[in-house]
Structures are given as structure tokens and as C-alpha cells.
Amino acid sequence: MTDQLGALTSIFTEFYYWVTVVLMFLIHVGFCMYEVGASRYKHHQHTLMKNTMLIPLVTVTWFFFGWWIYWAFPTGPGLAPSIMTESTGLVLGGGFGGNDLANPTNALMAVNLNDHIMGVFWAAFLLFSWTAASIVSGAVIERITTFAFGILAIAIGSVFWTIDASWGWHFDGWMLKILGYHDAYASGVIHAIAGGFALGVLIVLGPRIGKFSSSGEPRNIGPRNPWLVTVGLFLIYTGFWGFYAACNVPIYDLGPEYGMEGVTFFTATNIYLTPTTLSGITMNFLMSLSGGLLAGYVISKGDPFWTYSSGLAGIICASAGNDLYHPIQSMIIGMIGVVIAYKMHYWVEKKYKIDDAVGAVAVHGYAGFVGLVICGFVLNGYPSSGYSVGAMWDGTNYAAINPLGMFIGAIIMFFVLGMLPGYIIAKVLNGMGKLRIPREVELAGLDYTIMEEAKEDEKAVASASR
Amino acid sequence: MATVTNWIDHLSASEVQGSVYPGVGSEGVLVIIAILIWVGWHVISSKQEDGKMNEIVRKRPSSNDWKSNITDG
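In order, the protein sequence lines correspond to chains A and B.
For what it's worth, numbering that gives the first Met the number 0 labels the leading residue of the first sequence as 0, then goes sequentially.
For what it's worth, numbering that gives the first Met the number 0 labels the leading residue of the second sequence as 0, then goes sequentially.
Any given hint could be a false lead.
[Claimed, not checked] Simulated restraints, written as ranges between beta carbons of each label pair:
#1 W226/A / S62/B: 52 to 62 Å
#2 A6/A / E54/B: 26 to 36 Å
#3 I32/B / E216/A: 45 to 55 Å
[Unchecked claim] Below, a list of computed lysine-lysine pairs in the DSBU-like style, where the Cα atoms sit at most 35 Å apart:
#4 K46/B / K426/A
#5 K458/A / K352/A
#6 K433/A / K350/A
#7 K66/B / K51/B
#8 K51/B / K210/A
#9 K51/B / K426/A
#10 K300/A / K66/B
#11 K426/A / K58/B
#12 K51/B / K352/A
#13 K300/A / K46/B
#14 K454/A / K342/A
#15 K458/A / K66/B
#16 K458/A / K300/A
#17 K58/B / K342/A
#18 K454/A / K58/B
#19 K51/B / K342/A
#20 K300/A / K51/B
#21 K58/B / K352/A
#22 K300/A / K58/B
#23 K458/A / K58/B
#24 K46/B / K454/A
#25 K66/B / K352/A
#26 K433/A / K58/B
#27 K210/A / K58/B
#28 K46/B / K342/A
#29 K458/A / K46/B
#30 K454/A / K51/B
#31 K210/A / K46/B
#32 K349/A / K66/B
#33 K433/A / K66/B
[To be verified] Chain B side only, calculated, beta carbon under 8 Å to chain A, not exhaustive:
#34 D8
#35 Y20
#36 V30
#37 W37
#38 V38
#39 K51
To be clear, the hints were calculated from the coordinates, so they are not data collected in a lab.
Even glycine gets a Cβ: it sits at the ideal position worked out from N, Cα and C.
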């Protein structure tokens, strides 16, 4: 950084991503509050600790291998040629996998006076990883061991979601080139995969004791603290704004990047380096939130739990194409996603006896899946990547966004990288006797020991007069 | 251990060395240590969790016993 403009751009970008990381922390705060609010009193503290401990577990494993996977496998490997070649000038350091810049021993993975981006970019993606793991956390409350959840959180947060990000959320990703996959704000790469993963785990884990009657009819175990649920979801909305900003590149001159001689066009871009604006996506965010809330209120007949969750589902459903949609399109897509997710939740619950304690599979999984499919139709024909134009791509052209490619992409996200690994890992943990807490503990409450230990002190304090 | 002992010398070099943390070159060892800590944490915390669960299983409290532990005063 020897010239002032270059230095300003670089430091601004560093600061921009840093702010998004701080904002996205609120997503995790929200998930913690939401889960505790949804759990019963006797499980509160364990529920909170389970979701809290995913922070260090996913963070350290993201440092060890999660971030590296993202940079190492965009081509599959072996499914599509890479554009990160000498001729494009995009070689980011070879040798250890596709790129070695993100391997944990690399000099860039620390304070480095020659780099201002790696750390904040690493952190932004890490916060996405926490979200993926936290989505699963809510679905499995009150009956999973902390050990098993820790392993599952690492699997979704530091392995499977980063594989899908490498394939479908990377400028060199094979899913862009072959399928025309487009998922600007992660309907699939975060939400569909995490929802699918949660469903795979739930199939093995089974329902909470008492969730279904002897005749198989589901019973409602509603949130025990609606205020915590409310504030939690508002915080998730807030953090989601940071997430949207984090999915953008804040300032980029696309002229030279696209190989257009003499053209200068500064803009924000999405993660695929196609142009959008922070202004426009803010409108779409709010309109899809509103569409979700409107639809959720009506379809759930004013149920607060589902209405709040539907706001989130509305955003999730529209997120794949919210870089380009008209705000009214965003609103309508959000509404469609909510109706399908709500109906699917109760149908799957009744038909397959799946106890998804917070509706995570519906809000994230089904809404994300539907959002990808809708995006394929509404954005049919748009370029899937900034590198599908000009001189950057030296192979065949990137596929344009299309309905079939997006549908296949949704299958890959929800089933192939989500539900299947979740089911297999849960099966292995179950086989080891490590997945589910003993029946006696579930009945007594996961916090029974903590409460017993504090009993005498609590009683003494309660009866004290001075 | 110090990678930088004089900032003026460091920053006026023809090519500024980016890494400034102590022990540049020992990253591989640090990663191995961190992985051992990570795996060790799973082993220890799993044993602790099993111990707590077994204790509750042994006591077999009823599903309403926890209510007697709530004192709000």
C-alpha cells in the first residue's frame, strides 16, 4: 500500500468486513436466546451451553481445515477446469491442494503487514459456519449429548457447508460453470444444507419423549419463554443484515476485471463478482422479510412463534436471487417460501414422526430449497458469474442461470451435502451409544445435576431475612 | 524469538516482511499443538458428560423432581 487511494480501498474493505463480522455475531446471540426460549426449564442451561460451545469448536476447526477446504476444492476436484491459472492471473498460491493460501501454516493466516483481507474474510465465512451449525442446534434440543452435537457442528460448520461453498459460492466453483448455480445470499449454501443436515440427524435421533401420542398424533411443545424467542429472532434478523453485507464485495472496478479496455465501472458485487448494490439488496431484504411475516401471520393464524420464524423464512427463500430481484418479487417469493415451508413442516412431522423442536428444517431447509428452485426460473438466462464474460474464462462458457441447474443445485445442497452426511454421522454416533442422552436424564432434565448442586444455597437465600 | 526488534529497519527494507508474530517458521508446530488441545478437549469433556449422565441414571429422579429445586426468592 504505497498510494493513498489503494490504501483507502484496502483499509475500507478490511473495516467493512470487520463490521459485518460484529453484526453477524448477533445471529448467534439470537440463536442462543431463541433456543433457550423454546426449551423447557429443566433443559435451559444445557441448551445454552450446547449452542455456545459450537463457537470454539467450529472456530478452531475452521482454522485447521474449514477455510482451506473452501479454497482447495472449487473444481470438485476434477469436475470442471479451474480459471485460477497463470493466464488469468488468479493463481493464489499452489501446492497444498488447489491453493495453499488458507492452509493453517500459511503466513497469511496471522497478522501480516502485507495483507489486510485474509483475517476478516476468514472470520466472515466463519460466522456463516456458526450459523450453519446453530441451525442444526435448535432442531435437536433436549435430547442430544453435547459430545455428539460438537461432532455434528464441526461436520456441518467446518466440512460440509464449506464444500458446498467451494462448489457453488466461489468464483471458480464447478456448480457455476456446469449448472449455472446462483445463490447470492445463501438460500442453499447455508440454509438448505443446514436444514437438510438437521433432518438427517433428526431421523436417527428420534423425537423428544412425549412429543407423539401412542396413536402417533403430534403434540405441541410450545416455546416456554416467548419473549426470549421474540428477541432472539429480532437479533437474528439484525445479524442477517450483516450477513447480506458480508456476502458482497463492497467496491470493485469491473472494467479491467472483465477485460473491458478503457472501461471503469466501480460497484459493489455479489460473491460471484457480478454487480449489485448494497442499497438495492437492503430493499429486497426488507421486502422479503415483510412477505414472510405477512404470509406467516395468515397461514399460522397469528401464531407468534411461526410468524416470527416466517419472517426469517421469507428472507431465506428470496436470498438466492436478492442481488437482482425487484423488491416486490422478493416479497412474493418470500411469501411462497413460507407457505410451502409451513405446510411441509406439519406434513413431515405427522407422516414421518420427525420432531424438529424449532422448525429449523422448515424455516431453513425447505424455504432455502424452494428459494433456489424459484431463482432458477426468475433469473433464468442471467450470467452465473462475473468470470463468464470477457477474457477471464479460458474454457467453455459458464452456464447461465437456469431452472434445471438450480433444481439440481438444490438437491445437492439439501440432500447430497446436507441430509445424507447428517444421517450417516448420526448413525455412527448412535452406534457408539453417544448420540442421545439416557431416558432417565431426559425425564429428569439435563440441568438436574446443576440444579441439585445449587439447591441448598438457593433455599438458604430464599428463606434468608437478613 | 522476536521477529521485529526495530520497526524503522523493518519497514524501510526493500521488501517488507509481512509476518511479524514471534517464532516465524514454527507454524507447523503450533498447529500440531492446537490439534492436540482440540482432540483432548473432546476426550475430557465427553468423559465428564458421561459421568454426569451416569450419576443421574443411578439416582433415577422422577420427571417432576426438578421442580423442587426451583426457589424464587
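Do the hints match the structure? See the list:
Under the hint 52 to 62 Å, the C-beta atoms of W226/A and S62/B, about 26 Å apart, miss the expected range. Range check, A6/A to E54/B: Cβ separation about 60 Å, and the 26 to 36 Å hint is violated. Judged by the Cβ atoms, the range 45 to 55 Å given for I32/B and E216/A holds: they are separated by roughly 54 Å. The hinted pair formed by K46/B and K426/A meets the criterion: a straight-line CA distance of about 21 Å does not exceed 35 Å.
Only pairs whose Cα atoms come within 35 Å are accepted, and K458/A paired with K352/A is rejected, the gap being roughly 41 Å. Restraint check: the Cα-Cα separation between K433/A and K350/A comes to about 27 Å, which is no more than 35 Å; the hinted pair holds. The straight-line distance between the Cα atoms of K66/B and K51/B is roughly 19 Å, inside the 35 Å bound, and the hint therefore holds. This hinted pair checks out: K51/B and K210/A have alpha carbons roughly 25 Å apart, not beyond 35 Å.
As the CA atoms of K51/B and K426/A are separated by approximately 23 Å, the hinted pair is consistent with the 35 Å bound. Restraint check for K300/A and K66/B: the C-alpha separation of about 33 Å stays at or below 35 Å, so the hint holds. For the hint linking K426/A to K58/B, the alpha-carbon distance of about 29 Å falls within 35 Å, and the restraint holds. Restraint check: the Cα-Cα separation between K51/B and K352/A comes to about 30 Å, which is no more than 35 Å; the hinted pair holds.
Restraint check for K300/A and K46/B: the C-alpha separation of about 46 Å exceeds 35 Å, so the hint is violated. This hinted pair does not check out: K454/A and K342/A have alpha carbons roughly 44 Å apart, beyond 35 Å. About 13 Å separates the Cα atoms of K458/A and K66/B, which keeps this hinted pair within 35 Å; it holds. Restraint check: the Cα-Cα separation between K458/A and K300/A comes to about 43 Å, which exceeds 35 Å; the hinted pair is violated.
Taking the CA atoms of K58/B and K342/A, the gap is about 42 Å. The hint is violated against a cut of 35 Å. Proposed proximity of K454/A and K58/B is supported: the alpha carbons are some 16 Å apart, at most 35 Å. For the given pair, K51/B sits about 40 Å from K342/A by alpha-carbon distance, which is inconsistent with the 35 Å threshold. Straight-line distance between C-alpha atoms of K300/A and K51/B comes to about 43 Å, which puts the hinted pair past the 35 Å bound.
Using a Cα cut-off of 35 Å, the hinted pair K58/B and K352/A holds, with the two alpha carbons roughly 31 Å apart. With a C-alpha separation of about 44 Å, the suggested pair K300/A and K58/B falls outside the 35 Å cut-off, and the hint is violated. Restraint check for K458/A and K58/B: the C-alpha separation of about 21 Å stays at or below 35 Å, so the hint holds. With a C-alpha separation of about 25 Å, the suggested pair K46/B and K454/A falls inside the 35 Å cut-off, and the hint holds.
Proposed proximity of K66/B and K352/A is supported: the alpha carbons are some 29 Å apart, at most 35 Å. Proposed proximity of K433/A and K58/B is supported: the alpha carbons are some 20 Å apart, at most 35 Å. For the proposed pair K210/A and K58/B, the alpha carbon gap of about 25 Å is at most 35 Å, so the pair holds. Restraint check for K46/B and K342/A: the C-alpha separation of about 42 Å exceeds 35 Å, so the hint is violated.
Between K458/A and K46/B, the direct Cα distance comes to roughly 31 Å. Compliance with the 35 Å bound is thereby established for this hinted pair. For the given pair, K454/A sits about 17 Å from K51/B by alpha-carbon distance, which is consistent with the 35 Å threshold. A hinted pair counts as satisfied when its Cα atoms are at most 35 Å apart, and K210/A with K46/B qualifies at roughly 29 Å. A distance of roughly 31 Å separates the Cα atoms of K349/A and K66/B; the hinted pair therefore holds under the 35 Å criterion.
Of the pairs offered as hints, the one joining K433/A and K66/B holds, with about 28 Å between alpha carbons and a cut-off of 35 Å not exceeded. A least Cβ separation of about 14 Å between D8/B and chain A goes past the 8 Å threshold, and the interface hint is therefore violated. Below 8 Å, beta-carbon pairs count as interface contacts, and Y20/B has one with chain A at about 5 Å; its hint therefore holds. Annotation: V30/B was flagged as interfacial toward chain A, and the flag holds, the nearest CB pair being 5 Å apart, inside 8 Å.
A hinted interface residue such as W37/B counts as satisfied when its beta carbon comes closer than 8 Å to some beta carbon of chain A; here the least separation is about 5 Å, so the hint holds. Taken as an interface hint, V38/B does not check out: its beta carbon lies about 11 Å from the nearest beta carbon of chain A, beyond 8 Å. Restraint check, K51/B versus chain A: the minimum CB separation of about 5 Å is within 8 Å; hint holds.
Hint compliance for this structure: hints 1, 2, 5, 13, 14, 16, 17, 19, 20, 22, 28, 34, 38 are not met, and every other hint is.
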